[in-house]
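Chains A and B, in that order, give the protein sequences. This note's numbering numbers the first residue of the first sequence as 1 and each following residue consecutively. This note's numbering numbers the first residue of the second sequence as 1 and each following residue consecutively.
Careful, some of the hints might be misleading.
Below, a list of computed lysine to aspartate or glutamate pairs in the EDC-like style, where the Cα atoms sit at most 20 Å apart [claimed, not checked]:
#1 A:Lys133 - B:Glu45
#2 A:Lys288 - B:Glu103
#3 A:Lys133 - B:Glu226
#4 B:Lys4 - B:Glu35
#5 A:Lys133 - A:Asp87
#6 A:Lys4 - B:Glu312
#7 A:Lys4 - A:Glu45
#8 A:Lys133 - A:Glu103
#9 B:Lys4 - A:Glu312
#10 A:Lys4 - B:Asp313
#11 B:Lys4 - B:Glu46
#12 B:Lys133 - B:Asp104
#13 A:Lys288 - B:Glu208
#14 B:Lys288 - B:Glu261
#15 B:Lys288 - A:Glu226
#16 B:Lys4 - A:Asp104
#17 B:Lys169 - B:Glu208
#18 B:Lys133 - A:Glu45
#19 B:Lys133 - A:Glu46
#20 A:Lys288 - B:Glu226
#21 A:Lys169 - A:Glu322
#22 A:Lys288 - A:Glu261
#23 B:Lys4 - A:Asp313
#24 A:Lys288 - B:Glu261
#25 A:Lys4 - B:Asp136
#26 B:Lys288 - A:Glu312
#27 A:Lys4 - A:Glu46
#28 B:Lys288 - A:Glu46
#29 B:Lys288 - A:Asp136
Hints listed in this document are in silico derivations from the structure and should not be mistaken for laboratory results.
There are 2 protein chains.
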Amino acid sequence: MNDKRPTILDVARQAGVSIGTVSNVLNGTIPVSEERRQRVHQAIEELSYTQNSLAQGLRRRRSPMVGLCVPHTTVAYFSKLVDAFEDVASSRGFEIMQILSHEDPRIEHQRVMSLLNYRIGGLILVPSLRPDKTLDAVARSGTPLVVVDRPVAPGRFDQVTFDNRAAMKEAVRRLVALGHRRILFVVRIRHLATTLQRVAALRAAAREATPPVTTAILECGNADNETITARVATVLRGPHPPTAIIVSNSTFAACMLRAFESLGVRYPGEISLLAFDQPEWADIVTPKLSVVRQPTMDVARTAWEFLIRRMEDPTVPVRTMELQAQVLLRASVAPPMPAPAPRATGRQHHQAPAESVPSARTRRKPRSNGQAAPDGSREPG
Amino acid sequence: MNDKRPTILDVARQAGVSIGTVSNVLNGTIPVSEERRQRVHQAIEELSYTQNSLAQGLRRRRSPMVGLCVPHTTVAYFSKLVDAFEDVASSRGFEIMQILSHEDPRIEHQRVMSLLNYRIGGLILVPSLRPDKTLDAVARSGTPLVVVDRPVAPGRFDQVTFDNRAAMKEAVRRLVALGHRRILFVVRIRHLATTLQRVAALRAAAREATPPVTTAILECGNADNETITARVATVLRGPHPPTAIIVSNSTFAACMLRAFESLGVRYPGEISLLAFDQPEWADIVTPKLSVVRQPTMDVARTAWEFLIRRMEDPTVPVRTMELQAQVLLRASVAPPMPAPAPRATGRQHHQAPAESVPSARTRRKPRSNGQAAPDGSREPG
DNA sequence: TCGAATCGTTGAAAGCTTTCAAGTACTCTG
DNA sequence: CAGAGTACTTGAAAGCTTTCAACGATTCGA
Chain A
1 MNDKRPTILD VARQAGVSIG TVSNVLNGTI PVSEERRQRV HQAIEELSYT
51 QNSLAQGLRR RRSPMVGLCV PHTTVAYFSK LVDAFEDVAS SRGFEIMQIL
101 SHEDPRIEHQ RVMSLLNYRI GGLILVPSLR PDKTLDAVAR SGTPLVVVDR
151 PVAPGRFDQV TFDNRAAMKE AVRRLVALGH RRILFVVRIR HLATTLQRVA
201 ALRAAAREAT PPVTTAILEC GNADNETITA RVATVLRGPH PPTAIIVSNS
251 TFAACMLRAF ESLGVRYPGE ISLLAFDQPE WADIVTPKLS VVRQPTMDVA
301 RTAWEFLIRR MEDPTVPVRT MELQAQVLLR ASVAPPMPAP APRATGRQHH
351 QAPAESVPSA RTRRKPRSNG QAAPDGSREP G
Chain B
1 MNDKRPTILD VARQAGVSIG TVSNVLNGTI PVSEERRQRV HQAIEELSYT
51 QNSLAQGLRR RRSPMVGLCV PHTTVAYFSK LVDAFEDVAS SRGFEIMQIL
101 SHEDPRIEHQ RVMSLLNYRI GGLILVPSLR PDKTLDAVAR SGTPLVVVDR
151 PVAPGRFDQV TFDNRAAMKE AVRRLVALGH RRILFVVRIR HLATTLQRVA
201 ALRAAAREAT PPVTTAILEC GNADNETITA RVATVLRGPH PPTAIIVSNS
251 TFAACMLRAF ESLGVRYPGE ISLLAFDQPE WADIVTPKLS VVRQPTMDVA
301 RTAWEFLIRR MEDPTVPVRT MELQAQVLLR ASVAPPMPAP APRATGRQHH
351 QAPAESVPSA RTRRKPRSNG QAAPDGSREP G
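Given these sequences and hints, build the entire structure.
Written as structure tokens, this is what we have:
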């Protein structure tokens with residue numbers, strides 16, 4: 001429990017050389033004669049000396065440590081991302097310092113500042129809702145930055161994102177082709193950049209469909225299972241129940257399945273489900289979950305390449321990469337059960353067949369609890 | 001993109017005070033007159049000065065950073081652990097530096113050394129298979145350490161683990177009570193401390209059951225789905241197919257479900273399944289997965305408390321905490337289908353009903369591929 | 001009024017490394 | 001053999017902070 005660890009000076013004395021020589025052996029900056037190198041190595045061995053990275057970073061004005069900031073690690077998508085980064089980075093001799101932002105701009109800012117205070121060599125960031133202050137601070141510090149997954153205002157930073165618009169458009173196209181006319185999109189945070197993109201694409205695709213498709217957005221934040229179930233119940237029992245639900249992540253997908261079960265909804269007959277994100281359980285639930293698969297490993301590799309490049313040369317022009325995601329339809333998506341009015345152009349009420357909802361069917365307006373609002377993307381006529 | 005950040009000296013000049021005073025304002029070490037404090041704060045604001053944690057850590061010989069090392073973050077259990085630690089730690093003003101060991105003692109050692117080189121204030125470690133070298137290095141550095149989840153030789157370090165023996169014993173008791181007589185335990189790494197505990201408990205419980213129960217261990221390492229399926233197939237089609245499978249983590253549980261499906265095994269009729277770990281999908285698969293639930297949040301809190309205590313006073317006696325896990329039986333565990341020989345005491349072949357295995361039934365000895373071996377824990381007579 | 005105690009302030013040293021100008025010993029060239 | 005390289009080697013400075021002995025100013029007590 002000796003808190004006094006040997007320093008480079010101890011090594012130098014032990015080996016009978018100067019500290020400069022030891023440093024040169026360690027870093028290979030300047031060649032050192034074979035004999036001295038040996039002596040230094042031996043001394044290092046004998047004293048079991050290890051570098052003090054704090055002193056090294058202080059002197060070099062930069063540490064070989066790279067920061068990684070994601071919102072959570074319990075979301076399958078992010079934990080895969082973290083693992084992928086770890087793989088890529090460590091195989092190239094970098095250390096990763098990981099922090100979690102919990103989707104909270106304040107926490108994010110504070111943690112990122114702390115990383116900057118450690119003079120990290122670079123940062124990979126999945127930005128939270130309002131990352132501006134954080135981004136400014138990073139820019140001011142001159143730390144190389146790559147923004148991942150959630151786009152920010154273009155031009156300032158390297159970015160690696162997914163083509164959420166294309167993915168959503170494709171998803172809607174496929175659902176519509178199966179006959180779905182009312183789609184609900186369940187999101188965690190409405191104003192998140194990725195969400196905005198997806199919502200825009202959803203609305204656009206809905207508008208362009210013939211006949212046009214009704215869409216609604218349900219924002220759930222960090223609500224727990226019961227709350228989400230209640231909200232979903234409200235929507236499903238409303239006058240215009242959706243026939244297909246798209247969720248923005250796998251946690252919500254799980255919530256939906258629980259909700260369907262506790263509500264006694266026939267699934268996938270009465271309601272289809274499609275999830276962004278690709279949980280490990282997608283293919284072991286019944287019916288198998290349809291997903292939008294995002295190429296996590298490619299993201300990690302690309303982001304890393306961007307970061308390394310910028311660390312080598314901070315003046316390199318800003319790059320942006322938008323990766324394609326893939327819509328995988330499986331049994332969780334099925335044609336909707338035959339509806340009373342096949343041509344859904346007017347304002348008449350659509351309703352799921354009566355037998356599908358077990359409990360007392362209270363007719364409420366869908367926005368009665370302020371949670372789910374038809375977003376009016378449908379063309380009026 | 002200005003790489004020159006202001007230092008404490010700049011602040012001192014700007015405020016017209018000495019650097020010592022600035023430091024005192026920043027750290028509150030020694031009281032500073034109100035007027036000067038104001039000036040310092042203003043200067044900090046104007047220059048947007050932030051500490052250099054490297055210099056601070058160098059001088060203080062210890063950084064306020066705490067290390068956290070887990071094997072992976074894609075395993076549900078560990079990602080929950082990481083989130084829990086993050087919560088606890090950050091709510092008390094500590095920064096966490098997280099690394100992954102990938103279950104590889106070499107990687108673990110290298111990454112932990114790097115943390116030690118940063119003079120971290122403490123370390124929480126889920127040790128890999130052979131952590132001795134790493135543990136020695138940590139001890140030598142005098143860094144406070146708490147070992148989590150997987151026990152190591154007692155007496156040297158604070159430890160927070162689960163009572164794996166009790167959990168396994170209880171699991172076997174419940175399975176036996178339902179009539180199971182042949183239990184297969186699927187593990188990732190056989191010699192992992194937790195695995196050893198569980199295996200020992202499994203064998204002991206099997207031996208004590210009346211009539212005694214046959215057990216076997218299947219080690220799968222990092223094998224992929226197909227490989228695992230093949231191995232499971234071999235076991236299930238062998239002369240003594242198990243009626244219940246216990247898996248050591250949720251990833252394997254998912255693998256089993258895939259294997260059951262692709263092999264056409266009747267589940268849970270023909271085979272029951274119980275998993276250590278508690279994935280989010282446990283209650284959305286059909287049948288619901290039986291699990292051994294481990295109180296992750298409690299682990300995080302306890303480990304953190306141990307660590308803080310030791311950081312305050314390194315001489316405090318070593319503490320050990322063993323938390324109780326909880327066996328939750330759900331539909332994935334059912335009484336075994338009636339077997340031809342109800343009293344399973346001898347060496348006669350047990351076999352699952354013929355109709356349950358769809359493909360050609362090759363009679364092979366269970367260890368024919370060297371993967372699964374009856375472990376002989378059953379009493380000979 | 002004097003000495004002591006208190007309070008706030010300061011400048012220098014220390015913490016451990018890398019970098020670099022300057023120096024030394026050697027080899028090579030003409 | 002002198003001069004010019006060559007190839008290491010060295011010690012000091014710098015990087016930014018905290019700590020601490022020392023000091024000046026003020027207050028307090030007798």
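Are the Cα atoms of Lys288 (chain B) and Glu226 (chain A) separated by 20 Å or less? Holds, at roughly 19 Å.
Would the hint linking Lys4 (chain B) and Glu312 (chain A) be met if the CA-CA limit is 20 Å? holds (18 Å)
Below or equal to 20 Å on CA atoms is what counts here, so check Lys288 (chain A) against Glu226 (chain B). OK: Lys288 (chain A) and Glu226 (chain B) at ~19 Å, within 20 Å.
20 Å limit on alpha-carbon distance, applied to hinted pair Lys288 (chain A) and Glu261 (chain B): Given pair Lys288 (chain A), Glu261 (chain B) holds - Cα atoms ~12 Å apart, limit 20 Å.
Take a quick look at whether Lys133 (chain B) and Glu45 (chain A) sit within 20 Å of each other, Cα to Cα. Given that 20 Å is the threshold and the Cα spacing comes to 15 Å, the pair holds.
For the pair we were handed, Lys4 (chain A) and Glu312 (chain B), check the Cα-Cα distance against 20 Å. holds (18 Å)
Run the distance test for Lys288 (chain B) versus Glu312 (chain A): straight-line Cα separation, threshold 20 Å. violated (52 Å)
Can the restraint linking Lys288 (chain A) and Glu208 (chain B) be considered satisfied, given a maximum Cα separation of 20 Å? The given pair, whose Cα atoms are some 41 Å apart, is violated under the 20 Å limit.
Agreement of Lys288 (chain B) and Glu261 (chain B) with the hint, judged by alpha carbon distance not exceeding 20 Å: Distance ~15 Å between Lys288 (chain B) and Glu261 (chain B) Cα, so the pair holds.
Taking only the CA atoms, is the gap from Lys133 (chain B) to Asp104 (chain B) under or equal to 20 Å? holds (12 Å)
Keeping to a limit of 20 Å between CA atoms, is the pair of Lys4 (chain B) and Glu35 (chain B) held or broken? Distance ~29 Å between Lys4 (chain B) and Glu35 (chain B) Cα, so the pair is violated.
Given hint Glu45 (chain B) paired with Lys133 (chain A) - CA-CA distance at most 20 Å: Holds - the C-alpha atoms of Glu45 (chain B) and Lys133 (chain A) are around 15 Å apart, at most 20 Å.
Hint violations for this structure: numbers 2, 3, 4, 5, 13, 16, 26, 28, 29, all remaining hints satisfied.
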